[in-house]
Amino acid sequence: MGRRHWPLRGVVLLYLGVLVGLPVVFLVLKALGHGFPAFWSEITKPDALSALKLSIEVAAIAVPINTVVGVGAALLVARHNFFGKRVLDTIFDVPVAISPVIIGVALVLAYSRIGWFGAPLTRWGIMVLFSPLGVVLATMTVSLPYVLRSIVPVLLELGVDQEQAARTLGAGRVRIFWYVTLPAIRWAVLYGVTLTLARTLGEFGAVLVVSGNITGVTQTLPIYIFDSWDQRFDVLGSYSGALVLAMMSMAVLAVLALLRRRERRLRVDLA
Amino acid sequence: MGRRHWPLRGVVLLYLGVLVGLPVVFLVLKALGHGFPAFWSEITKPDALSALKLSIEVAAIAVPINTVVGVGAALLVARHNFFGKRVLDTIFDVPVAISPVIIGVALVLAYSRIGWFGAPLTRWGIMVLFSPLGVVLATMTVSLPYVLRSIVPVLLELGVDQEQAARTLGAGRVRIFWYVTLPAIRWAVLYGVTLTLARTLGEFGAVLVVSGNITGVTQTLPIYIFDSWDQRFDVLGSYSGALVLAMMSMAVLAVLALLRRRERRLRVDLA
Amino acid sequence: MSISLKHLTKHYGSTNAVEDVSAEIVHGSLTAVLGPSGSGKSTLLKLISGLERPDQGSVVIDGEDVTDVDPRHRDIGFCFQHYAPFRHMNVTKNVGFGLKVRKRSPKEIDARVKELLALVKLEHKAKHYPAQLSGGERQRMALARALAIEPRVLLLDEPFGALDAVVRAELRHWVKELHQQIHVTTVLVTHDQQEAMEVADQLIVMRSGRVVQSGDPLALYERPATDFVHEFLGPSTTFAGEVARPHDLELVSVYQGTMKGRITSIVSLGFEAQVTVELSDGTSTWVQLSRNELASMGLRVALLVGVRRRDDVEF
Amino acid sequence: MSISLKHLTKHYGSTNAVEDVSAEIVHGSLTAVLGPSGSGKSTLLKLISGLERPDQGSVVIDGEDVTDVDPRHRDIGFCFQHYAPFRHMNVTKNVGFGLKVRKRSPKEIDARVKELLALVKLEHKAKHYPAQLSGGERQRMALARALAIEPRVLLLDEPFGALDAVVRAELRHWVKELHQQIHVTTVLVTHDQQEAMEVADQLIVMRSGRVVQSGDPLALYERPATDFVHEFLGPSTTFAGEVARPHDLELVSVYQGTMKGRITSIVSLGFEAQVTVELSDGTSTWVQLSRNELASMGLRVALLVGVRRRDDVEF
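Chains as they are written, first to last, in our numbering: chain A, -7 to 263; chain B, -7 to 263; chain C, 56 to 370; chain D, 56 to 370.
Hints are computed from structural coordinates only; laboratory data are not their basis.
Treat the hints with caution; some may be incorrect.
[Stated by the list, open to error] Coverage of chain C stretches by chain D, computed from C-beta distances (three or more under 8 Å per stretch; other residues unrestricted): (1) 71 to 85; (2) 246 to 255; (3) 288 to 300.
Just so you know, these numbers come straight off a predicted model, no measurement behind them.
Backbone N, C-alpha and C fix where the C-beta goes; we use that ideal spot for every residue, glycine too.
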């Protein structure tokens, strides 16, 4: 089936070009259109810098937590049978299937001063809404499934042979995980972590609803980009921020491409 | 490894409960808090209905197109080797890795009256921005990867044996696709289509930027929910819209759970 | 160490179940569990190892009831059907894994691994990864890894199943020699009767989850308890309405035979030759001869011959 | 239809390559391509089918150069190693696929499928799906599917590799009979010499992508061109510094032997017995006897015996 896929390739490439390629090119042209110094002064404004800082801080909290929970849940789903397993598995689809706006609104309901969680937390002096804590919570929710969804197929394909072998050789559950299971799924974990990071850096809808959009306090980079463009009509600031975020995402993307290649090679090895 | 996963289960369930479970419960309670008639009158307001209608129309256009392109691209990636294959594969990650805001901003740049695409299109009388067309375009972009990413692993795992067998039996490329390949990957395709649908219905960030948020014209359901809550302080309208959208997503979610089960069974069969 | 299995029962799904299996495995023996696929033989092995828990019954190793003991404390060496190598560890790390887990000193581990690699003839591959080994080498690595912990019992699941015929024959020989060297009680599972007959000193024949017959391989071959065992343990044909071994029949002159018939084909397979005879009652049978017997008899297709059972069936 | 392969060469990676292979496959023959794994035998089959294109050389079927013909127009029946059943079609649909693609009338397809299912003895499974069939049944379905298009050539890739020993022996017999019935030129690939010897009337032995020797199975067994063929085609041992077949050696009294030695083990495998002798020069050899020969000789371990080559090596 070698030489007659040209029409197919043409259609796919055209589609990608219209939807993804050219817009990205335009973004670069526009952001740097007034020269690099203008771009640089835009992205070093205090508001832009604090948005970048918050985005990185949120990622630094949300990604590790979601990684640990994702790996744990993946082990449950792929290696155990228990009542409620399918429910658990399905809950991990909620953040993908449900609009970020709904997630945001739902979080507001739960953590507002009159919500079940919000009331006691407020009494303890903990403000979730309109604070960085809310941003972290919203981000963790939307980026929840990626580690689990990356790992489970690999765990299922891997089978339990190596783990059982380790067990007959005297290893306990913890040692089996660290010495046998984790090394075997490491590329899938990294792939999931990278996706989680991408989703964390880019999240917009849920954060917008939860954060209250307070400049310098709860503005992540995506919110800053939107706010500059939509509310403050600071077009260059918006484009510049978008380019910075896009470049971060591109780095993430490059890592994803490398990891996917590794993982496919692994699959071939397994077959 | 049967009975000692209780602590792990506890942690995972608690985490899910805090992030996903309770917020959803709250949403239901709030939306129906003033009784079903109030909920009903909210969601049958003209603006709400027109938002629902647009959401469904956008899905009806974006999902079929992305399915065809996704299946075609998946076949290219999984069955052919060509120059630029890795680039194509990576481009399909862009919509997941890059913030919807950036995608929105980039689309605005490309299709604004002064953009490369926008200028000629405007001359032909085609307005992309601030029109339903822009909403469709933004939605197609963000929901691009899901069909491809669902199918490629299955195609790789399936191998080419059945396709080669069909070929020795005299089938051409088209027949092989319809009679052999497509039936073999049908659950994965459906899974991908369902994810695409979920993403299409829920998309918020890119659409918000591109649409100009014109009530009754470019407001999809997620935008309507946000607009009611954030701009018009119509809290009940927002909650009611969110519940409708959430119920649609739940239906999608149920389908996803069923399909994933089917697909895993298939994998076990293949092994 | 001896193993006794007492009324072991394990169900899941319809196949691979084990139904009320009792057996005694003698200390130091090499026992083969033989049966067609789905007969429950691999499940039986997993029950002995503890990787599966029986629904009923018990496993006793060396007088100690280990039914409730976790596999990691059973001191069992288990070789998986596809060897289950740790793919991200080299050969040395794979073989040393059990000792590392047991917190032996690096020096001791090093010495023991060297010794084992010499035993399985893999010294030159010590730093290789499993992906760089051939099937036979992986198998030997898996054996060394299982032996490293000085197990009381060695369990091998289809140890030669995934290998080429020539490598298989070699490894079979080698496993037998190894067993004579180290004399650890060994149970292996196979669906290949030739393999079982050649390697094992005890056979347990299983079918549909139950033990059909067990004992000395040759005794089972000579005196199968059922037609199933008869057909499973070696080539079978029918003669005068009964199941017979083709080498228990002989070709004689037309007048000496119990029945007469016409030779329809002679296939020479090297050492062995197969002569097919269409008998006067309309049935067909075949006789197994050695090449030397065939050479001395001057047979040809279409010749009329007599067929009878040899008198010395028992010897 | 006859097949000629002319200087076929195909490279990818280091193993499975085919290097300048030429061979003639006679019309109506059943030819086995025999070799260890990685010897390029499966690649050769794919080159004949057109599923792979050679880097150099040509494939001629029945006088027509088909090197550039798409596999769908080569009229070839190909059975894949794992049968490649269409999993979402039942047996009838699977077998009828090739005819449906050829746009035959439903009536004709129906009749032909029934006929083929009768031929492969699967009438009772016509409505079953591949997942509901045993390995042997899947294999037979794959054969029927390949035969449905009345191919000029039938290609079988390791047709018995994935099956249990007993089923394998049965199917082997059955394929041979089928071939005698329908007489389509058949090429099968296998790594099992016994299989090849039993089924095929022509052998092509491959190693590292090249043809080492080809011809009549028994001729290759008797007169192997290299030590590799000698060892690959049957059991081998060494005697007096040369490679020998264990059945070409005989045990005689100490004074009659070319060399003398002491019996170290006697293994009885049913029809065949293996007697290992440690020779006076320190080497070890083994002799293959039929059970009847063994019974008549009164051998025992530790007995001093003479060993010599039989005089009638050629017969």
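Taking the hints in turn, this is what the structure says about them:
1. Counting residues of the region 71 to 85 of chain C whose CB falls under 8 Å from any CB of chain D gives 0; the rule of at least 3 is not met.
2. For the region 246 to 255 of chain C, the proposed coverage by chain D is satisfied: 6 residues have a C-beta within less than 8 Å of a C-beta in that chain, meeting the threshold of three.
3. Coverage of the region 288 to 300 of chain C by chain D holds in this model, with 4 residues showing a Cβ closer than 8 Å to a Cβ of that chain against a need of three.
Going down the numbered hints, you'll see the structure goes against just number 1.
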